[in-house]
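Participant: Residue strings, one per chain:
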Amino acid sequence: MELLLAIVVGILYAAGIYMMLRRSLVKLIIGLILLGNGANMLIFLLGRITKGSPPIIPAESKVFLEAYADPIPQALILTAIVISFGLQAFAIVLMKRVYQVVGTDDIDQVNNMEETL
Amino acid sequence: MMDISIVLPVLLPLMVAILLLFFWGKTQSQKWISVLGSMAVLGYNSWLFITVYTGSMLTMQAGNWEAPFGITLVADVFSVTMILLTSIAGVAVSIFSVGSISTARIRFGYFPILHLLLMGLNGAFLTGDIFNLYVWFEIIIIASFVLMTLGGGRAQLASAVNYVIMNLLASVIFLTAIAILYGIAGTLNMADLSIKVALIENRGLVNVTALLFFVGFGIKSAVFPLYFWLPSSYHTPPSAVAAIFGGLLTKVGVYALLRVFTLIFIPDSFLSTLLLAVAALTLVTGAFGALIQSNARKMLSYLIVCHIGFMMAGLAMYTDTALTGAAFYLIHDIIVKTNVFILLGLVFIMYGSFKMPDLGGLYADYPKLALVMALVLFSLVGIPPLSGFWPKLFLFEAAFDTQSYVMIGALIFASFITLVVIAKMWSQIFWKPNPNTLERIKHLPSFMELSWNRRAILISPLLLLTAVSLYIGIGAENIVKLSSQIANDLMDPSGYIEAVLGTKPQTP
Numbered sequence: 001m002e003l004l005l006a007i008v009v010g011i012l013y014a015a016g017i018y019m020m021l022r023r024s025l026v027k028l029i030i031g032l033i034l035l036g037n038g039a040n041m042l043i044f045l046l047g048r049i050t051k052g053s054p055p056i057i058p059a060e061s062k063v064f065l066e067a068y069a070d071p072i073p074q075a076l077i078l079t080a081i082v083i084s085f086g087l088q089a090f091a092i093v094l095m096k097r098v099y100q101v102v103g104t105d106d107i108d109q110v111n112n113m114e115e116t117l
Numbered sequence: 001m002m003d004i005s006i007v008l009p010v011l012l013p014l015m016v017a018i019l020l021l022f023f024w025g026k027t028q029s030q031k032w033i034s035v036l037g038s039m040a041v042l043g044y045n046s047w048l049f050i051t052v053y054t055g056s057m058l059t060m061q062a063g064n065w066e067a068p069f070g071i072t073l074v075a076d077v078f079s080v081t082m083i084l085l086t087s088i089a090g091v092a093v094s095i096f097s098v099g100s101i102s103t104a105r106i107r108f109g110y111f112p113i114l115h116l117l118l119m120g121l122n123g124a125f126l127t128g129d130i131f132n133l134y135v136w137f138e139i140i141i142i143a144s145f146v147l148m149t150l151g152g153g154r155a156q157l158a159s160a161v162n163y164v165i166m167n168l169l170a171s172v173i174f175l176t177a178i179a180i181l182y183g184i185a186g187t188l189n190m191a192d193l194s195i196k197v198a199l200i201e202n203r204g205l206v207n208v209t210a211l212l213f214f215v216g217f218g219i220k221s222a223v224f225p226l227y228f229w230l231p232s233s234y235h236t237p238p239s240a241v242a243a244i245f246g247g248l249l250t251k252v253g254v255y256a257l258l259r260v261f262t263l264i265f266i267p268d269s270f271l272s273t274l275l276l277a278v279a280a281l282t283l284v285t286g287a288f289g290a291l292i293q294s295n296a297r298k299m300l301s302y303l304i305v306c307h308i309g310f311m312m313a314g315l316a317m318y319t320d321t322a323l324t325g326a327a328f329y330l331i332h333d334i335i336v337k338t339n340v341f342i343l344l345g346l347v348f349i350m351y352g353s354f355k356m357p358d359l360g361g362l363y364a365d366y367p368k369l370a371l372v373m374a375l376v377l378f379s380l381v382g383i384p385p386l387s388g389f390w391p392k393l394f395l396f397e398a399a400f401d402t403q404s405y406v407m408i409g410a411l412i413f414a415s416f417i418t419l420v421v422i423a424k425m426w427s428q429i430f431w432k433p434n435p436n437t438l439e440r441i442k443h444l445p446s447f448m449e450l451s452w453n454r455r456a457i458l459i460s461p462l463l464l465l466t467a468v469s470l471y472i473g474i475g476a477e478n479i480v481k482l483s484s485q486i487a488n489d490l491m492d493p494s495g496y497i498e499a500v501l502g503t504k505p506q507t508p
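Here the protein sequences come in this chain order: A and B.
Read in order, the letters of the first sequence are residues 1 to 117 in the working numbering.
Read in order, the letters of the second sequence are residues 1 to 508 in the working numbering.
The hints are simulated quantities; they were obtained by calculation from the structure and are not laboratory data.
The reader is advised that the hints may include incorrect statements.
[Unchecked claim] To give an idea of the chain A side of the interface with chain B (calculated C-beta under 7 Å), a few residues:
| id | residue |
| --- | --- |
| 1 | L32 |
| 2 | L35 |
| 3 | G36 |
| 4 | A39 |
| 5 | L42 |
| 6 | I43 |
| 7 | L46 |
| 8 | A80 |
| 9 | V82 |
| 10 | I83 |
| 11 | F85 |
| 12 | A91 |
| 13 | V93 |
| 14 | L94 |
| 15 | V101 |
| 16 | V102 |
We put the CB at the ideal spot given by N, CA and C, even for glycine.
Next comes chain A alone, as it looks inside the complex:
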């Protein structure tokens, strides 16, 4: 399971960086989304995956009797998902607006536009 997740995280990062190096604005956003998901998976992976043992103390005992899953990574991922959702929504709207105003989705041309203005 951990090996599989590690490979998935690697692929997500690689794909994200590859997409960010392209010149199209849309691919840039897709790259960022992939990278963000990769980071979330990485938190999940590094929070030590423990299968089927929720961090709940049984009613009859006072302490944990066996290994339990760390709840913090889930809280972190949830926060990160919400934040990146907001930021990505903004970025997509911005890209659409830039495309409408500048008339191209090629980053080089957008930057040239900015140089000449």
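Mind docking chain B on chain A? Use the hints.
Facilitator: Leaving out everything else, chain B in the frame of chain A:
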């Protein structure tokens, strides 16, 4: 009973922002609330500063969760100094916005977003939890995205693309670094991390994590190979926005670097060599960039990059004196950079351009104001006894102490180029007769035709910040005391750790 005095620097701007939302569309009332609100925050932050500076460090555990488990807020001297400076800059920018931001922008929520940005900055300076720092960074960047793009035409949108993308990338890298750090240390509390990271045996992994943090914060604070987004985006938003960006946003990155690399990752020989190289290259390349610009705001954007190098140099040399210099430079830079962008905003209102070939004659037209502006520019260059001089003194001393002669060369070069660039700006904007090339500004009302109180509103932030930077320069003794205390706290984090965790860390 929990002590909430430390949360109020975050809550007050939030309440001001919420109050502003109730006055959506009522521009006149929004202006009043914004200025009075930022003054109230300044008053409170000054009180908190005095309490912490004369008393002791304050900490708060959110929801009374014990230290390494919950979110901790820490107000040590460094943090309260930063929030005090933030609120001084906040008041100045708030007043300047009243006079210079167009009604259309205010109608679309300029002021609430400005106060949310200030809230995010205060939060980032006060938090003692690395993931919480990430959250505050996100609040800062989403607010800054809106300010960056609000009401923008083609140029503003096109340059916002660079800004947005690089900041999003920096956040992802920061998040990745946090993930690995949590994986290897199992905690997020910065004081706890300070103890736990020192005990980790796999130093290679720790260094990789440190580098990820360095890249993440480095993009935000615009250090050498990562700064290209800054000069290509800071010259397009309105002057008030550029002022708060130039004064504060890159400095949050510097603050985070200073915090993380003194508390969690103590630089070993590899890291400190890297930091030294990056600092020297930031100084040199930023200076070269500034040299060839003819647009005054682009030139200043490169100077921001160049001057980040001074603070990085302080961190890289990593002695008491060097960190005193870095802290002093940080204090000076926030005030002066905000002020210089406000100054250029005034120039734009007077002459309608940022391009230096189109400008001129300011000294002949407004001699008294030009003298005040000269003080601002001299502080930026660092002519004694003004504020830019003192931190450089400490940095040079530290560079001689640590025998980093390349760094001395870079520091001298950067200071010299700053002087050249500012001299060029002075002769172009102030002394050269106005070429009258701009047709379109002839039918705009000139600055002297504006109503008396509009002019007072536009000039008062300049005067306020100039007074503060004069105090930093002439009352340097007090600031040195303050910065050396900050440097001491950074060099010896045991006080910080004890205040957060309640126990003294065992010395290995």
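Participant: So, against the hints stated earlier in the document, which numbers end up violated here?
Facilitator: 9, 11 and 13
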